[in-house]
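Participant: Build out the structure end to end from the sequences listed, making use of the hints.
Residue numbering for the sequence shown follows my numbering, beginning at 1 and increasing consecutively.
Read the hints as simulated data drawn from the structure, not as lab findings. Errors might be hidden in some of the hints.
Claimed, not checked - Listed next, with one range per pair, are the computed distances between beta-carbon atoms: (1) Leu113 <-> Ala158: 26 to 36 angstroms; (2) Thr96 <-> Trp27: 47 to 57 angstroms; (3) Pro121 <-> Trp26: 37 to 47 angstroms; (4) Phe205 <-> Leu129: 20 to 30 angstroms; (5) Thr96 <-> Thr215: 48 to 58 angstroms; (6) Trp27 <-> Leu72: 48 to 58 angstroms.
To be verified - Derived lysine to any residue pairs resembling SDA-like cross-links, with alpha carbons at most 25 angstroms apart: (7) Lys94 <-> Gln221; (8) Lys100 <-> Ile120; (9) Lys94 <-> Gly7; (10) Lys100 <-> Ala146; (11) Lys94 <-> Leu22; (12) Lys100 <-> Ile183; (13) Lys94 <-> Tyr179; (14) Lys100 <-> Val185; (15) Lys94 <-> Leu74; (16) Lys100 <-> Ala88; (17) Lys94 <-> Met108; (18) Lys94 <-> Glu162; (19) Lys94 <-> Val169; (20) Lys100 <-> Tyr11; (21) Lys100 <-> Asp165; (22) Lys100 <-> Leu163; (23) Lys100 <-> Ser173; (24) Lys94 <-> Leu111; (25) Lys100 <-> Thr110; (26) Lys100 <-> Arg168; (27) Lys94 <-> Arg180; (28) Lys94 <-> Ile159; (29) Lys100 <-> Glu174; (30) Lys100 <-> Ser42; (31) Lys94 <-> Arg187; (32) Lys94 <-> Arg168.
We treat Cβ as the ideally placed atom computed from N, Cα and C, and that holds for glycine.
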Amino acid sequence: MKQARPGPVQYAVLVLLAIAFLYPIWWALSSSLKPATEIITSPLSVGAVTLDNYRAMFADVPIGTGFVNTALVLAVKGAMTMVFCPLAGYAFAKYTFPGKNALFGVVMLTLMLPTLVLIIPLLLEMSALGWVNTYQALILPGSVDAFSIFWMRQVIAAIPDELLDAGRVDGASEFGVFYRVVIPVIRPGLVALAVLTTMNIYNDFVWPVVAVNDTEHQTLQVVLSTLAQNVTGNRVGADFATVWGELLAAGSIAMLPLLVIFILLQRHFISGILAGSVKG
1 MKQARPGPVQ YAVLVLLAIA FLYPIWWALS SSLKPATEII TSPLSVGAVT
51 LDNYRAMFAD VPIGTGFVNT ALVLAVKGAM TMVFCPLAGY AFAKYTFPGK
101 NALFGVVMLT LMLPTLVLII PLLLEMSALG WVNTYQALIL PGSVDAFSIF
151 WMRQVIAAIP DELLDAGRVD GASEFGVFYR VVIPVIRPGL VALAVLTTMN
201 IYNDFVWPVV AVNDTEHQTL QVVLSTLAQN VTGNRVGADF ATVWGELLAA
251 GSIAMLPLLV IFILLQRHFI SGILAGSVKG
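Facilitator: Structure follows, in structure tokens:
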């Protein structure tokens with residue numbers, strides 16, 4: 001049976017929704033290129049193009065340090081997530097061992113705990129280890145999270161057991177079966193997990209602002225949260241328009257990496273989302 005194609009009304013609704021979602025992004029990018037005074041006096045107009053907001057922002061705000069710290073945390077923490085969570089998901093999906101269901105139930109229960117509930121215990125743990133204001137505090141907590149394990153379990157559960165048995169018959173070890181058979185099959189799911197992990201780490205604010213209180217280890221989101229204070233502190237007489245201009249410039253730069261990643265990986269991300277919806 002052929003699938004019905006969307007009609008003109010559906011297309012019109014989709015176009016309107018796309019405009020509604022994309023307009024704020026376009027407004028932020030275009031406004032960051034306008035003179036600061038025009039952002040306040042003519043917020044919806046397209047005025048003269050200038051890079052003054054970006055020059056002033058780079059001079060007033062340590063956004064480069066925020067990018068470097070975020071990139072470091074993203075590389076190490078993301079790598080740990082992409083290595084250990086698929087292994088845990090594979091164990092829960094394809095192995096039978098005592099206490100498997102109970103252990104997986106405990107993992108799932110942690111999803112019900114709000115992040116704010118865990119902040120104080122985690123901070124006390126980091127303090128006891130002497131890791132406050134260190135990269136360890138930014139990287140290790142949450143590097144192997146329950147959602148990623150659940151996601152990988154759902155994706156791997158859809159792989160036929162016969163395919164894994166065929167790899168074992170060919171002489172592959174258990175790790176060989178995982179890396180040579182499972183990984184190629186679940187590649188869309190891995191891409192989706194990579195995109196979600198990147199977004200979560202990149203946008204994380206609550207834990208970094210608690211675990212780090214020095215400028216040397218601040219991530220990008222923490223730097224952005226203190227941007228207005230940096231602008232007014234570094235420039236005597238900075239007015240409201242100046243602060244808004246530099247805020248929009250910094251926000252536009254911070255937004256671009258995620259936009260590029262999603263545009264490049266959107267096809268794999270969508271197919272991975274669908275793969276993860278299979279019931280295991």
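Participant: Hints first: check each against the structure and report whether it holds.
Facilitator: Hint by hint, here is what the structure shows:
no., hint, verdict
1, Leu113 <-> Ala158: 26 to 36 angstroms, "holds (28 angstroms)"
2, Thr96 <-> Trp27: 47 to 57 angstroms, "holds (55 angstroms)"
3, Pro121 <-> Trp26: 37 to 47 angstroms, "holds (43 angstroms)"
4, Phe205 <-> Leu129: 20 to 30 angstroms, "holds (22 angstroms)"
5, Thr96 <-> Thr215: 48 to 58 angstroms, "holds (51 angstroms)"
6, Trp27 <-> Leu72: 48 to 58 angstroms, "violated (32 angstroms)"
7, Lys94 <-> Gln221, "violated (39 angstroms)"
8, Lys100 <-> Ile120, "violated (30 angstroms)"
9, Lys94 <-> Gly7, "violated (43 angstroms)"
10, Lys100 <-> Ala146, "holds (15 angstroms)"
11, Lys94 <-> Leu22, "violated (42 angstroms)"
12, Lys100 <-> Ile183, "holds (22 angstroms)"
13, Lys94 <-> Tyr179, "holds (14 angstroms)"
14, Lys100 <-> Val185, "holds (24 angstroms)"
15, Lys94 <-> Leu74, "violated (29 angstroms)"
16, Lys100 <-> Ala88, "holds (11 angstroms)"
17, Lys94 <-> Met108, "holds (18 angstroms)"
18, Lys94 <-> Glu162, "holds (11 angstroms)"
19, Lys94 <-> Val169, "holds (16 angstroms)"
20, Lys100 <-> Tyr11, "violated (47 angstroms)"
21, Lys100 <-> Asp165, "holds (21 angstroms)"
22, Lys100 <-> Leu163, "holds (22 angstroms)"
23, Lys100 <-> Ser173, "holds (22 angstroms)"
24, Lys94 <-> Leu111, "holds (22 angstroms)"
25, Lys100 <-> Thr110, "holds (16 angstroms)"
26, Lys100 <-> Arg168, "holds (23 angstroms)"
27, Lys94 <-> Arg180, "holds (15 angstroms)"
28, Lys94 <-> Ile159, "holds (9 angstroms)"
29, Lys100 <-> Glu174, "holds (18 angstroms)"
30, Lys100 <-> Ser42, "violated (61 angstroms)"
31, Lys94 <-> Arg187, "holds (17 angstroms)"
32, Lys94 <-> Arg168, "holds (13 angstroms)"
In summary, the numbered hints that this structure violates are 6, 7, 8, 9, 11, 15, 20, 30.
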